[in-house]
Amino acid sequence: GNSVTQMEGPVTLSEEAFLTINCTYTATGYPSLFWYVQYPGEGLQLLLKATKADDKGSNKGFEATYRKETTSFHLEKGSVQVSDSAVYFCAFLSGGYNKLIFGAGTRLAVHP
Amino acid sequence: DAMVIQNPRYQVTQFGKPVTLSCSQTLNHNVMYWYQQKSSQAPKLLFHYYDKDFNNEADTPDNFQSRRPNTSFCFLDIRSPGLGDAAMYLCATSRDLVAGTWDPYEQYFGPGTRLTVT
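Read top to bottom, the protein sequences are chains R and Z.
Take 4 as the starting number for the first sequence in the working numbering and just add one per residue.
Take 810 as the starting number for the second sequence in the working numbering and just add one per residue.
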């Protein structure tokens, strides 16, 4: 069935370190892919998205590339900041159906 | 700014006492969703409205109901809250499919209402 597998957290990094959070999905067809971020006590914010194979989504220094051959959508950032500390959710939407399928979330803690 | 608004941000209710959570949107989106997010878990879809058409997820308990009186507003009613219903409740909206395709639009989330059951 449809599912998203994310790297388990928490991920703890020092400021300016490189970040990778792995995400793979199991779905029918080629769904749109998303990364959402949730800051403490807040709702979800769309961080970036990609709607077709080889698309690269990017925002606020974060990037992720839609890899059809490996069914992956790994999130990367070259230099994290303390303000990036949050929970990151990988998700996809199946074509023709509006249900978002989320991964379990990865908590990121960035220390000065 | 166009947005999704949830009120209240924090709600405390007693065990078994009905409670209503509110969501409004200025995006004029035709689809509205309610998600339940328990601590350290992913959001779980409870139901969604496509215009006035209500779509319940198969595993959503009967204790949860929803109303959508117009395009802008959607309510989540919990008829008899139990301790296990304590969670963050997230409202989201989206447009429908991109015209002529099966591609859905992304969902925009409100800030959530944190429900405590005492």
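The hints are simulated quantities; they were obtained by calculation from the structure and are not laboratory data.
Beta carbons are placed, not taken as given, at the ideal position from N, Cα and C, and that holds for glycine.
Hints are not guaranteed to be accurate.
Straight-line Cα separation of at most 27 angstroms, BS3-like style, residue types lysine-lysine; simulated pairs [what the hints assert, rightly or not]: (1) K861(Z) to K102(R); (2) K71(R) to K102(R); (3) K847(Z) to K55(R); (4) K861(Z) to K71(R); (5) K853(Z) to K102(R); (6) K59(R) to K102(R); (7) K55(R) to K80(R); (8) K826(Z) to K52(R); (9) K847(Z) to K59(R); (10) K847(Z) to K102(R).
For each label pair, taking beta carbons as the anchor points, the in silico distance ranges come out as [unchecked claim]: (11) Y859(Z) to S82(R): 35 to 43 angstroms; (12) Q850(Z) to T15(R): 29 to 37 angstroms; (13) G32(R) to E866(Z): 18 to 26 angstroms; (14) G81(R) to P878(Z): 41 to 49 angstroms.
Computed from the model, here is a short list of chain R residues facing chain Z with C-beta under 7 angstroms [to be verified]: (15) T15; (16) K102; (17) L103; (18) F105; (19) A107.
Each hint, compared with the structure:
1. K861(Z) to K102(R): 17 angstroms, holds
2. K71(R) to K102(R): 20 angstroms, holds
3. K847(Z) to K55(R): 31 angstroms, violated
4. K861(Z) to K71(R): 36 angstroms, violated
5. K853(Z) to K102(R): 10 angstroms, holds
6. K59(R) to K102(R): Status holds; Cα separation ~22 angstroms.
7. K55(R) to K80(R): 21 angstroms, holds
8. K826(Z) to K52(R): Violated, at about 40 angstroms.
9. K847(Z) to K59(R): 31 angstroms, violated
10. K847(Z) to K102(R): 18 angstroms, holds
11. Y859(Z) to S82(R): 35 to 43 angstroms: 42 angstroms, holds
12. Q850(Z) to T15(R): 29 to 37 angstroms: Violated - the Cβ-Cβ distance for Q850(Z) and T15(R), about 21 angstroms, lies outside 29 to 37 angstroms.
13. G32(R) to E866(Z): 18 to 26 angstroms: 21 angstroms, holds
14. G81(R) to P878(Z): 41 to 49 angstroms: 47 angstroms, holds
15. T15: Not OK, violated: T15(R) not within 7 angstroms of chain Z, min 16 angstroms.
16. K102: Since chain Z brings a Cβ to about 6 angstroms from K102(R), closer than 7 angstroms, the hint holds.
17. L103: 6 angstroms, holds
18. F105: 4 angstroms, holds
19. A107: This hint holds: A107(R) lies near chain Z, its Cβ roughly 5 angstroms from the closest one there, short of 7 angstroms.
Hints 3, 4, 8, 9, 12, 15 from the earlier list are contradicted by this structure; the remaining hints agree with it.
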